[in-house]
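**Q** Listed below are the residues making up each chain.
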Amino acid sequence: MLFFIGRRLYQAALVMLTVALIAFAMFQYVGDPVSNLAGQDTTVAERELLKERLGLNDSVLEQFSRFVINAVQGEFGVSYRMRVPVRDLIAERFPATLELSMMSAFLALLVGIPMGVYTALNRDSWLSRSFMTLSLIGISLPTFLIGIFLILFFGVILQWLPTFGRGEVVDLGWWSTGMLTGSGWRSMIMPAITLAVFQMTLIVRLIRAEMLEVLRTDYIKFARARGLSERSISFSHALKNTLVPVITIIGLQIGSLIAFAIITESVFQWPGMGLLFIQAIGEVDIPIMSAYLLLIGFVFVVINLIVDILYYTIDPRLRVEK
Amino acid sequence: MPLLQIRGMRVEFPSRRGSVTAVRDVNFELESGEILGIVGESGAGKSTIANAILGLLEPPGIMSRGEVLLDGECIDGLPIELMRKIRGKRIGMIFQDPLTSLNPLQTIEEQLVETIKIHLQFGESEAQKHAISMLEQVGIPDPDIRIKHYPHQFSGGMRQRVVIALSLCANPEVILADEPTTALDVSIQAQILDLMRRLVRETGVGMIIITHDMGVISEICDRVMVMYRGDVVETGPTRKILGNPDHPYTRSLISAVPRADRRMDRFPLVEYIEAAGTPHKPIDVQDHWLGKARNFGGSKNEFLVSVKDLEMRFTTVRSMFKSRRRYLKAVDRVSFDIRPGEVLGLVGESGSGKSTVARLICGIYKPYAGQVVFDGTDLTSLGSRRQINIYRRQMQMIFQDPFSSLNARMRVADIVAEPIRFHRLASSNKEVLAIVDDLLDHVGLGAAAGKKFPHEFSGGQRQRISIARALATRPRFLICDEPTSALDVSIQAQILNLLKDLQEELQLTMLFISHDLPVIRQVCDRVAVMRDGKLVEEAKTEDLFNKPQNEYTAHLLKLMPRLHSHGAK
Amino acid sequence: MRDFLQRFFGGDLWWSFRSSPMVIVAAITTFVMIFSSAFANIVAPYDIFDLTQFNLMDSLKPPVWMERGEVGFLLGTDDQGRDVLSTILYGSRISLLVGFFSVISAMVLGIIIGLIAGYSGGWVDAVLMRIADVQLSFPAILIALLVNGIISGLLPGEAQADLAIYVLIVAISLSFWVQYARTVRSSTMVERTKEYVQAAQVIGLPQPLILLRHILPNVMGPVLVIATIQLALAIITEATLSFLGVGVPPTSPSLGTLIRIGNDYLFSGEWWITVFPGLALVILVLAVNILGDWLRDALNPKLR
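Keeping their order, the protein sequence lines are chains A, B and C. Just so we're on the same page, the numbering used here is the position in the first sequence counted from 1, plus 38. Just so we're on the same page, the numbering used here is the position in the second sequence counted from 1, plus 8. Just so we're on the same page, the numbering used here is the position in the third sequence counted from 1, plus 519.
Just so you know, these hints were derived from the structure itself, not from any lab. Yeah, the Cβ is synthetic: ideal placement off N, Cα and C, and Gly gets one too. Wrong hints could be hidden among the right ones.
What the hints assert, rightly or not - Now the stretches of chain C that chain B is said to cover, found in silico as 3 or more residues with beta-carbon under 8 Å: (1) 715 to 722; (2) 728 to 738.
What the hints assert, rightly or not - Below, in silico cross-link-like pairs of lysine-lysine (BS3-like), each with a Cα-Cα straight-line distance of 27 Å or less: (3) LYS93/B x LYS713/C; (4) LYS316/B x LYS97/B; (5) LYS259/A x LYS542/B; (6) LYS460/B x LYS259/A; (7) LYS566/B x LYS548/B; (8) LYS459/B x LYS713/C; (9) LYS713/C x LYS555/B; (10) LYS278/A x LYS125/B; (11) LYS555/B x LYS566/B; (12) LYS278/A x LYS542/B; (13) LYS308/B x LYS337/B; (14) LYS459/B x LYS259/A; (15) LYS566/B x LYS542/B; (16) LYS125/B x LYS93/B; (17) LYS259/A x LYS97/B; (18) LYS713/C x LYS542/B.
Said to hold, decoys possible - Just a sample of chain C residues kept apart from chain B, beta carbon distances all over 12 Å, derived: (19) SER535; (20) THR549; (21) TYR565; (22) ARG587; (23) SER624; (24) LEU661; (25) LEU674; (26) VAL709.
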């Protein structure tokens with residue numbers, strides 16, 4: 039077990055290092071940090087001084103290691119445009135994105151898993167056929183269009199729900215939450231659905247495909263031939279075996295929700311990290327871009343690690359000592 | 009009243025091109041304590057019968073006519089809840105592949121206890137006790153410890169024992185065993201058959217064994233039912249069917265089974281089976297294309313092929329550190345020689361390294377150590393591709409699996425022409441095509457076969473295409489790696505005859521690899537036996553079969569199913 | 520050729536196509552949309568790039584069946600007075616163009632990398648697949664955003680608008696190649712051990728020839744299925760990037776750009792500027808997805 043986790047940690051570190059390298063390369067080669075930080079009318083001497091202060095005259099390796107050490111401490115530099123430390127910007131925006139993503143993940147799993155299992159078990163019923171058709175429409179609807187259509191119907195025409203922002207938020211000091219106010223909840227509804235639809239349809243289709251695969255195996259046939267109940271075959275035999283491959287992908291999906299939030303946030307003007315990032319791209323604000331990349335990378339690595347440990351507990355074949 | 013009775017069973021698979029009848033008008037009976045064998049070649053409908061009895065036909069299959077009577081009660085068409093009380097409780101089933109029949113995520117105990125509790129109204133601890141005693145009964149050592157293990161912790165043979173325990177744990181009256189030993193090695197097969205026979209004697213269940221293997225039938229069955237393409241052709245006591253069959257199909261089938269007890273020149277050509285195509289035309293090497301550019305009898309070397317201290321390792325545990333890497337010695341210092349025109353047999357169970365030896369000789373794998381000497385030249389010392397290709401051309405290989413050994417995206421003519429074109433063995437494209445047509449004709453397919461794609465041919469025909477492709481480089485040395493083990497016996501007989509004829513006419517030197525001792529006896533001049541990567545014995549075929557020197561060889565010979573021991577002939 | 524046609528029309532693929540009305544409708548829809556956008560300059564009522572053909576006076580007219588609607592503008596006009604139907608036709612052209620080219624370049628890149636990784640194994644495989652793994656842990660849209668952002672950042676300002684479409688294609692294909700590479704790699708690893716490849720080795724064929732002549736044709740099946748599904752995804756990705764304002768510029772609008780423009784008018788009631796391009800996008804993607812789904816099921820013998 040320890041060896042297993044150690045190995046995964048080592049791989050995770052490797053992934054993070056790669057991501058850091060990309061983020062660092064962006065700093066190095068895209069745009070000029072000095073002219074971005076200095077004003078229009080600074081002298082050459084002042085520029086040199088700034089360059090020296092930023093350590094841009096050191097070797098690339100030194101700069102990279104400083105970059106990594108800073109990043110580990112949560113130090114990502116100062117935004118070119120807003121002249122504010124990136125750390126503060128992200129700390130301010132992070133709760134909004136996390137609440138939105140978790141809400142969507144919850145929705146997607148709650149609806150997606152039962153629907154996937156149902157369509158696999160009752161392949162030919164009209165209900166699963168209509169579920170499958172719906173899911174096809176679901177993956178064909180671009181996230182931003184879902185948002186726009188929802189805004190049009192529930193925001194503009196019916197005027198039931200707010201169309202932008204988080205509503206009233208309660209500041210808990212280190213965390214600002216919209217989950218404690220009615221307007222916060224109402225503001226959450228449309229963005230959460232928008233974000234969840236694509237993932238949900240993916241989960242439905244994935245679970246269905248994997249489960250059909252498992253239902254064709256010999257051990258399911260053998261279980262039937264032993265007279266086990268359909269309930270036990272479907273849930274304790276087939277579903278559990280389905281979960282093994284599905285967990286990885288669902289883990290990745292949940293991770294990607296945070297990244298997909300970029301689109302939803304920009305449709306609903308949701309004050310999260312995605313909105314920050316998309317604005318940064320427009321303005322080539324490299325510190326924000328690279329910090330966002332690192333953060334997303336970190337979230338993915340953590341999710342992957344959790345998935346691996348889950349895997350390990352579900353599948354006994356991984357537990358053999360070779 | 010018979011225990012199980014099938015009356016007029018007909019199973020159909022409706023499809024858009026009309027309904028396919030898999031089983032037609034089948035009638036039979038099974039008594040308690042009896043073992044009935046259902047035998048037939050692929051596509052005969054044997055497994056369909058077992059699935060139909062339990063109501064487990066794959067959709068869209070349906071049993072359109074007939075009855076299944078268990079103890080006089082009709083059980084076909086029962087509602088699913090009642091059927092479930094019969095499956096496992098009154099009729100148990102054993103599947104072919106023990107590696108895939110067990111749920112990988114549950115311990116043996118969970119699977120046994122669940123089945124027991126459903127059928128026997130036992131409490132948890134009682135069910136556990138029963139489970140342990142079942143494992144003991146099927147011969148699993150330390151059952152109280154092993155029961156906590158997961159399927160992947162058992163070997164193939166042990167897993168099949170667990171599968172048997174699972175099928176027997178609710179004390180069924182009937183067991184259906186669908187090719188229960190096909191996926192196992194000979195020595196394991198013998199143990200499992202022993203176990204099944206013992207269980208039938210002890211518990212008095214009735215057992216139906218479905219198999220394609222006449223050896224299994226002769227070992228274990230009391231009565232036999234022979235099937236051919238969905239029809240029952242003959243039913244009777246094992247001794248009668250094997251020794252003195254009435255139906256011509258049964259006779260063909262039995263004559264096609266290679267005999268273990270003596271060597272015959274050729275397999276008797278049998279009627280009633282897949283048409284062999286145009287009859288084989290003899291080739292005269294003196295004036296035929298296949299004989300061109302070959303110095304017959306001109307070799308100055310005593311041996312055409314010599315293998316010296318050949319070694320091959322596969323990495324089983326990868327690691328950055330040398331000390332932590334683990335290897336499997338697939339081939340461990342193997343040496344042998346083959347004279348020109350000789351057929352050397354290489355025998356061993358799965359995992360013995362015999363196929364690896366073949367792949368080392370023809371250069372698919374690179375040896376870890378040792379030499380492969382062909383006509384006096386050490387191939388492992390050759391550097392350039394061009395030099396190696398001169399020798400590559402002279403040795404060819406025929407593979408085991410007729411379904412994967414031909415590129416499905418190429419026409420047969422292109423498959424056979426590829427080596428001719430690559431080695432520039434013909435001057436024009438017209439000549440290439442003429443040679444291809446001729447080769448296809450010689451392997452009994454007819455020149456028209458060239459325009460088709462591989463999927464339009466049966467397994468036996470595909471093996472003929474493989475042979476034509478191998479001949480296309482005008483080889484002197486042919487490696488046959490289990491060339492018939494994926495084929496039905498009747499087809500096997502044809503292919504072996506073809507190989508024998510070609511070997512004689514073209515004076516080919518051959519390395520013939522097989523796990524099937526009777527086949528080896530029919531084909532080879534000398535035999536080498538391999539075990540765990542090592543060569544344990546090498547002798548003239550008749551000497552080896554009559555008085556084996558090595559203990560392992562003797563053991564293998566003893567396990568060899570002797571079909572004709574019952575025989576009246 | 521006749522032989523081939525006979526085989527095709529007698530085969531299971533054609534049969535399963537014919538027996539599913541939804542697939543036929545999807546195929547016709549796809550064809551009509553590709554055709555009409557490819558010949559947009561003939562089919563479309565107006566040329567949206569010709570400034571003389573539209574007039575600010577006509578701006579924000581609703582569709583023809585509504586009050587104030589005009590027969591000349593079937594689906595209404597946008598803020599600049601351009602006919603929405605015409606912008607949709609020209610917009611689909613850009614969307615499809617970007618979609619096709621990014622899928623093709625992603626496919627070529629992925630196949631090459633996948634073949635090499637799968638056939639050579641060892642450290643080459645390990646390195647290539649590690650890269651793929653790292654990339655796969657990020658959603659394609661994020662990669663495309665990043666690549667797009669970085670390339671645009673590197674380009675001088677005046678070139679950005681001109682090269683936007685190419686940058687977009689590069690960004691999307693760089694975010695999509697992984698799928699192909701992984702699929703091709705795993706099927707190559709399966710095919711590599713098959714006996715027909717060993718037979719080719721025994722004949723003496725050199726590796727590149729074995730890869731091209733024997734393995735490649737046998738791994739193309741799943742690749743084509745992925746390509747169809749990816750085409751839908753590429754169109755969505757392009758639309759999303761354009762909607763976010765980092766894709767093609769408004770001067771040569773794609774469907775995504777049109778939706779972005781219309782989004783500003785959503786609250787003032789001019790819904791048609793957004794909704795019609797949006798519907799066109801959904802119909803196109805849905806049709807392609809239905810085709811891809813059908814192709815996958817029809818080519819997967821296990822599901823039959």
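**Q** The structure should be examined with respect to each hint, and the outcome stated for every one.
**A** Hint-by-hint comparison with the structure:
Counting residues of the region 715 to 722 of chain C whose CB lies closer than 8 Å to any CB of chain B gives 7, which reaches the minimum of 3, so the coverage claim holds. Given as covered by chain B, the region 728 to 738 of chain C passes the check, having 3 residues with a CB less than 8 Å from a CB of that chain where 3 are the minimum. For the suggested pair LYS93/B and LYS713/C, the alpha carbons sit about 44 Å apart, so the restraint of at most 27 Å is broken. In summary, the hint linking LYS316/B to LYS97/B is not supported, as the alpha carbons are separated by about 58 Å, beyond the 27 Å threshold.
Note on LYS259/A and LYS542/B: the hinted pairing is violated, with a Cα-Cα distance of about 40 Å set against a maximum of 27 Å. Restraint check for LYS460/B and LYS259/A: not satisfied, since their Cα atoms lie roughly 37 Å apart, outside the 27 Å limit. Restraint check: the Cα-Cα separation between LYS566/B and LYS548/B comes to about 18 Å, which is no more than 27 Å; the hinted pair holds. Distance restraint check for LYS459/B and LYS713/C: the Cα-Cα separation of roughly 23 Å lies within the 27 Å cut-off, and the hinted pair is therefore satisfied.
At roughly 38 Å between alpha-carbon atoms, LYS713/C and LYS555/B are farther apart than 27 Å, so this suggested pair is violated. Between the alpha carbons of LYS278/A and LYS125/B the distance comes to roughly 21 Å, so the proposed pair stays at or under 27 Å and holds. With a CA separation close to 12 Å, the supplied pair LYS555/B and LYS566/B stays within the 27 Å bound. Taking the CA atoms of LYS278/A and LYS542/B, the gap is near 43 Å; set against the 27 Å cutoff, the hint is violated.
Annotation: proposed proximity of LYS308/B to LYS337/B is violated, straight-line Cα distance about 34 Å (limit 27 Å). Under the criterion of a C-alpha separation no larger than 27 Å, the hint pairing LYS459/B with LYS259/A is inconsistent with the structure, at around 41 Å. This hinted pair checks out: LYS566/B and LYS542/B have alpha carbons roughly 21 Å apart, not beyond 27 Å. In summary, the hint linking LYS125/B to LYS93/B is supported, as the alpha carbons are separated by about 12 Å, within the 27 Å threshold.
Among the hinted pairs, LYS259/A with LYS97/B is consistent with the structure: their alpha-carbon atoms are about 16 Å apart, no more than 27 Å. For the hint linking LYS713/C to LYS542/B, the alpha-carbon distance of about 26 Å falls within 27 Å, and the restraint holds. With a least beta-carbon separation of about 9 Å from chain B, SER535/C fails to lie farther than 12 Å from that chain, contradicting its non-interface assignment. In this structure THR549/C is separated from chain B by more than 12 Å, as the shortest Cβ-Cβ distance comes to about 26 Å.
Against chain B, the non-interface label of TYR565/C holds: every CB pair exceeds 12 Å, the least being about 48 Å. With a cut of 12 Å on Cβ distances, ARG587/C stays outside the contact zone with chain B, its closest approach being about 55 Å. For SER624/C, the shortest C-beta to C-beta distance to chain B comes to about 24 Å, beyond the 12 Å cut-off, and the non-interface label holds. No Cβ of chain B approaches the Cβ of LEU661/C within 12 Å, the least distance being about 32 Å, so the stated non-interface status holds.
Listed as outside the interface, LEU674/C is consistent with that label: its C-beta sits roughly 42 Å from the nearest C-beta of chain B, beyond the 12 Å cut-off. With a closest Cβ-Cβ approach of about 10 Å to chain B, VAL709/C is found to fall inside the 12 Å limit, against its non-interface label.
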